[in-house]
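Let chain A serve as the given structure and place chain B on it in line with the hints.
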Amino acid sequence: MRTRTSVMAAVTLLALTTGCGAADMTRQASPFANAQGAKTVTLSVQSWVGAQANVAVAQYLLEHELGYRVDTVQIDEVPAWDALSQGRVDALLEDWGHPEEEQRYVEDKKTIVGAGDLGVTGHIGWYVPTYFAEQHPDVTDWKNLNKYADRFRTPESGGKGQLMDGSPSYVTNDKALVKNLDLDYQVVFAGSEAAQITQIKQFAKEKKPFLTYWYSPQWLFKKVPMTEVKLPEYKEGCDADPEKVACAYPHTPLQKYLNADFAKDGGAAARLLKKFQWTTEDQNEVSLMIAEQKLTPEEAAKKWVDSHESTWKTWLS
Amino acid sequence: MATVTASAPRTLPAALKNRAVAKLALLALAAVVLVPPAVARWASGSWPEALTVDLTQPLTAASDWIIDNRDSHPLFLYFFGHLSNAVVLSVRAVYLALLAIGWAGVTALGAFVAWRVAGVRLALGTAAAFLACGLLDMWLPTMQTLALMAVAVLASVVVGALLGLAAGLSDRMDRALRPVLDTMQVLPAFAYLLPVVLVFGIGVPAAVLATVVYAAPPMARLTALGLRGADKEVLEAVESLGATARQRLLTARIPLARKELLLGLNQTIMMALSMAVIASVIGAGGLGDRVYQALASVDVGAALAAGIPIVLLAVVLDRVTAAAGDGTGERPRAGWPYVLAGAVGLAVAARLLGRADWPEAWTVNIAEPVNRAVDWMTAHLYSGVPVVGGTADWAGRFTTWVLDPLRDGLQWLPWWSVLLVVAALAWLIGTWRTALTAVLAMAAIGVLGVWEPSLDTLSQVIAAVAVTLVLGFATGIAAARSERFERALRPVLDVCQTMPQFVYLIPVVALFGVGRAPAVAAAVVYALPAVVRITARGLRQVDPAALESARSLGATGGQQLRQVQLPLARAALLLAVNQGVVLVLAVVIIGGLVGGGALGYDVVFGLAQGDLATGLVAGAAIVCLGLMLDRVTQPTDRRAKKGA
Numbered sequence: 001m002r003t004r005t006s007v008m009a010a011v012t013l014l015a016l017t018t019g020c021g022a023a024d025m026t027r028q029a030s031p032f033a034n035a036q037g038a039k040t041v042t043l044s045v046q047s048w049v050g051a052q053a054n055v056a057v058a059q060y061l062l063e064h065e066l067g068y069r070v071d072t073v074q075i076d077e078v079p080a081w082d083a084l085s086q087g088r089v090d091a092l093l094e095d096w097g098h099p100e101e102e103q104r105y106v107e108d109k110k111t112i113v114g115a116g117d118l119g120v121t122g123h124i125g126w127y128v129p130t131y132f133a134e135q136h137p138d139v140t141d142w143k144n145l146n147k148y149a150d151r152f153r154t155p156e157s158g159g160k161g162q163l164m165d166g167s168p169s170y171v172t173n174d175k176a177l178v179k180n181l182d183l184d185y186q187v188v189f190a191g192s193e194a195a196q197i198t199q200i201k202q203f204a205k206e207k208k209p210f211l212t213y214w215y216s217p218q219w220l221f222k223k224v225p226m227t228e229v230k231l232p233e234y235k236e237g238c239d240a241d242p243e244k245v246a247c248a249y250p251h252t253p254l255q256k257y258l259n260a261d262f263a264k265d266g267g268a269a270a271r272l273l274k275k276f277q278w279t280t281e282d283q284n285e286v287s288l289m290i291a292e293q294k295l296t297p298e299e300a301a302k303k304w305v306d307s308h309e310s311t312w313k314t315w316l317s
Numbered sequence: 001m002a003t004v005t006a007s008a009p010r011t012l013p014a015a016l017k018n019r020a021v022a023k024l025a026l027l028a029l030a031a032v033v034l035v036p037p038a039v040a041r042w043a044s045g046s047w048p049e050a051l052t053v054d055l056t057q058p059l060t061a062a063s064d065w066i067i068d069n070r071d072s073h074p075l076f077l078y079f080f081g082h083l084s085n086a087v088v089l090s091v092r093a094v095y096l097a098l099l100a101i102g103w104a105g106v107t108a109l110g111a112f113v114a115w116r117v118a119g120v121r122l123a124l125g126t127a128a129a130f131l132a133c134g135l136l137d138m139w140l141p142t143m144q145t146l147a148l149m150a151v152a153v154l155a156s157v158v159v160g161a162l163l164g165l166a167a168g169l170s171d172r173m174d175r176a177l178r179p180v181l182d183t184m185q186v187l188p189a190f191a192y193l194l195p196v197v198l199v200f201g202i203g204v205p206a207a208v209l210a211t212v213v214y215a216a217p218p219m220a221r222l223t224a225l226g227l228r229g230a231d232k233e234v235l236e237a238v239e240s241l242g243a244t245a246r247q248r249l250l251t252a253r254i255p256l257a258r259k260e261l262l263l264g265l266n267q268t269i270m271m272a273l274s275m276a277v278i279a280s281v282i283g284a285g286g287l288g289d290r291v292y293q294a295l296a297s298v299d300v301g302a303a304l305a306a307g308i309p310i311v312l313l314a315v316v317l318d319r320v321t322a323a324a325g326d327g328t329g330e331r332p333r334a335g336w337p338y339v340l341a342g343a344v345g346l347a348v349a350a351r352l353l354g355r356a357d358w359p360e361a362w363t364v365n366i367a368e369p370v371n372r373a374v375d376w377m378t379a380h381l382y383s384g385v386p387v388v389g390g391t392a393d394w395a396g397r398f399t400t401w402v403l404d405p406l407r408d409g410l411q412w413l414p415w416w417s418v419l420l421v422v423a424a425l426a427w428l429i430g431t432w433r434t435a436l437t438a439v440l441a442m443a444a445i446g447v448l449g450v451w452e453p454s455l456d457t458l459s460q461v462i463a464a465v466a467v468t469l470v471l472g473f474a475t476g477i478a479a480a481r482s483e484r485f486e487r488a489l490r491p492v493l494d495v496c497q498t499m500p501q502f503v504y505l506i507p508v509v510a511l512f513g514v515g516r517a518p519a520v521a522a523a524v525v526y527a528l529p530a531v532v533r534i535t536a537r538g539l540r541q542v543d544p545a546a547l548e549s550a551r552s553l554g555a556t557g558g559q560q561l562r563q564v565q566l567p568l569a570r571a572a573l574l575l576a577v578n579q580g581v582v583l584v585l586a587v588v589i590i591g592g593l594v595g596g597g598a599l600g601y602d603v604v605f606g607l608a609q610g611d612l613a614t615g616l617v618a619g620a621a622i623v624c625l626g627l628m629l630d631r632v633t634q635p636t637d638r639r640a641k642k643g644a
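Quick note, the sequences are listed as chains A and B, same order. Just so you know, we're using the numbering used here here: the first sequence kicks off at 1 and counts up by one. Just so you know, we're using the numbering used here here: the second sequence kicks off at 1 and counts up by one.
This is chain A alone, in the form it adopts within the complex (with noise of 0.2 Å):
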């Protein structure tokens, strides 16, 4: 009987916690928010260090001047929609444009709500090393990557040139580009961010050629100065069937968005991450301290805060 006994009292327990209908999954924040009596924000961040950059300086400013706890998590854009619509993270502060999940989430569902911009504009490109591009400057037109396809081999290319990709998460149209513009090109994933990053650091440190999908704004230009090669230009709706591709990527404006619910009731954590606009040079800096001189994010973002006073005294306001 004892056993019984517990058995039910677990049941109800359960139940009584859980709540006896139905469960919604839109609500589900995670269990290490809020504990010990802190308000928290949960920020995803994502794989690269622009990004790092923003959760690292609204993390220091909620914490600092707002008195909040905050949670990062790790996840790719695509995923993050997906848990920022079920609550999961609250915030997430930059996105390079995906209009399938914009029109499910925050036209149809309204689960997701649009925070404005970032004030960084995004750039997706294909580049080359200056070193390489002041030798050869006929290089940085698509029309003569032919030529140097024999520069750009690799063991992983496969007698063909190297054209370095990096993370799957990525928006990318390169594979469908080397075939459209006849390129003599094998499109090489690295994976990751990090991996790509780390071949790009050895290639230059020995001023090898090579050739990557790369984007700005990023910190790794400091290092590595990296020449644009011009691609046949972007008009709108060129790359709107992704077998067909055959033009540059477009300049985009970068957006943040919010779950709808943390929008409405996240009192002055949501009205600071409204207003949070910063500019590309703010950006790279803290990127740089992060990357580069390997300052953790919170000493970076405590550096740019510092300094910068005039600029996030206004997000408060």
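In short, the hints are calculated from the structure, not lab data. C-beta: ideal position from N, C-alpha, C; glycine also. Among these hints, one or two may not hold up.
Partial pick of chain A residues on the chain B-facing surface, computed with a CB cut under 10 Å [what the hints assert, rightly or not]:
#	residue
1	Ser85
2	Gly125
3	Pro129
4	Ala133
5	Pro137
6	Asp141
7	Met164
8	Ala176
9	Val178
10	Asn180
11	Leu181
12	Leu183
13	Lys201
Relative to the frame of chain A, chain B by itself:
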């Protein structure tokens, strides 16, 4: 027993050879009958288009359905939702409890428990490990990981014990469950993160459930083993006392299986901990997330600072639970009440002193010196080393001379011949059942339409396994011959085995460049310890009498090794191969993060883009590949445990 096998070698190979020839002849016959019509019908070197099924449409539809119905469908509202809430609530409860007793209380409690079950030395070690976590400024993430682990291990133990109970008490259940558990153990965890995420979303619930899938099988297996192994005479004695079936189970069989149950707990904890890091890819938080975030800013030092607590936790938990299982620890007289009282006292004292949270001043920054060391290493080893060439040159040569020919060769082979080779290998080493499973698994890969990338992955696995075996057997033999070498090796192996793979992904890229070579290097580092350990243990267990007689016949050291030790340790060596293959596959997949490409890249792509069609198909192919490789290398009597 040993003497029988020692004299057997002359007759055994002959018998084996006959059986093997018969099997091969049968297979050749089957090939002659089946291959010509197949080739005539689907003339193609690679897997024929006509035999594939494109799952893109249904999988995308399924994924859309889940996302659209997750907030409204009863299945989610009344089942998955509650499951998810229960996980969140219990993890939260444990986390809050850990925070409430503070760092002093947690350290004291850990040390006292270790003292009670395993003796003074381990108690001191446990305390030191906890303090080190704090010193590295990892206290909160460590507590988050501990909370997650506690719930995941508890759930795995309950699920595993229930399955094991069923399998231990009923022969039919045992037969039905065995292939299921086999499969669960062969699956690389990375492959099934995506479906879990889709249902539960990013975060702790998904991480806990993925961990349970991964960590429950050893518990189930060992529970069943313990229940079946219970002493018959004791059971009869209990029965004769008139005990009911339930009393027999509770008072005799379960207590008798105590040792196996505790070993199961030990294995489950180790596997759950190794999953804690992989689960960070789906937002589990804690130490794993710190490792993963450090990886993003290419900060090996910070990754190591978060990796060390994981290693410490793993070593402490392993030693303490193993000591509890052996019953070896010198047991102090003090009972549990004293243990608890002591811990509570310390926790309260720390709280009264206002030191419940880890004091920020007490931290050490190891990231900087580590990064400097890594930078130096990569700057000096990458290229331009006189005579031997830099690591980048090795990687290039390895890619061009080993990986490329292997991949091209495998992809050039006609599909039916691959199936035949798989069948032949699996049948020679196992039964016709294992051969059938292996062939079906391989065929499933073709049907899924990922034949080419799978063979690419396979070529990486084969190359990595070859390197692992050469290094592993050599080190294992050395360790078996020299006690001192083995003792010195042990901590190194511990670290290699428990250090999260993510920590060394960046150094391998810095050394070997982006591509398949670093993936292979990472896989070798990870799989080597298991191979070394199993080899050394197998060689040591060779009957001393057999060795003695060989020595008395005047055999040299080399002869003893080749003609006595290695043949007698054949089973252990085969097991080492098998474990090597399974572990290598798990890491080669993660190699997708450093340019390994093939199936690993597809899985990462699926996770990153929420693309079920790409991710799940690649995941399924990895599972099939794992099954096939396991069957092809599986010694007939198998006692393998993943991560052994």
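A quick look at each hint next to the structure:
1. Because the closest C-beta pair between A:Ser85 and chain B is about 8 Å apart, less than 10 Å, the hint holds.
2. With a least beta-carbon distance of about 19 Å to chain B, the hint placing A:Gly125 at the interface is violated under the 10 Å criterion.
3. Among the interface hints, the one on A:Pro129 is violated; its C-beta lies about 16 Å from the nearest C-beta in chain B, farther than the 10 Å criterion.
4. With a least beta-carbon distance of about 21 Å to chain B, the hint placing A:Ala133 at the interface is violated under the 10 Å criterion.
5. A least Cβ separation of about 27 Å between A:Pro137 and chain B goes past the 10 Å threshold, and the interface hint is therefore violated.
6. Because the smallest distance between the Cβ of A:Asp141 and any Cβ of chain B comes to about 26 Å, over 10 Å, the interface hint for this residue is violated.
7. A hinted interface residue such as A:Met164 counts as satisfied when its beta carbon comes closer than 10 Å to some beta carbon of chain B; here the least separation is about 7 Å, so the hint holds.
8. At its closest, the beta carbon of A:Ala176 sits 15 Å from a beta carbon of chain B; the interface hint therefore is violated under the 10 Å criterion.
9. Taking 10 Å as the C-beta cut-off, the interface hint given for A:Val178 is violated, the closest approach to chain B being about 16 Å.
10. The beta carbon of A:Asn180 is not positioned within 10 Å of any beta carbon in chain B (closest approach about 21 Å), and the interface hint is therefore violated.
11. Nearest Cβ of chain B to the Cβ of A:Leu181: about 22 Å, over the 10 Å cut. The hint is violated.
12. Taking 10 Å as the C-beta contact cut-off toward chain B, the hint placing A:Leu183 at the interface is violated, the least distance being around 19 Å.
13. Interface hint at A:Lys201: satisfied, since its Cβ lies 8 Å from the closest Cβ of chain B, which is below the 10 Å cut-off.
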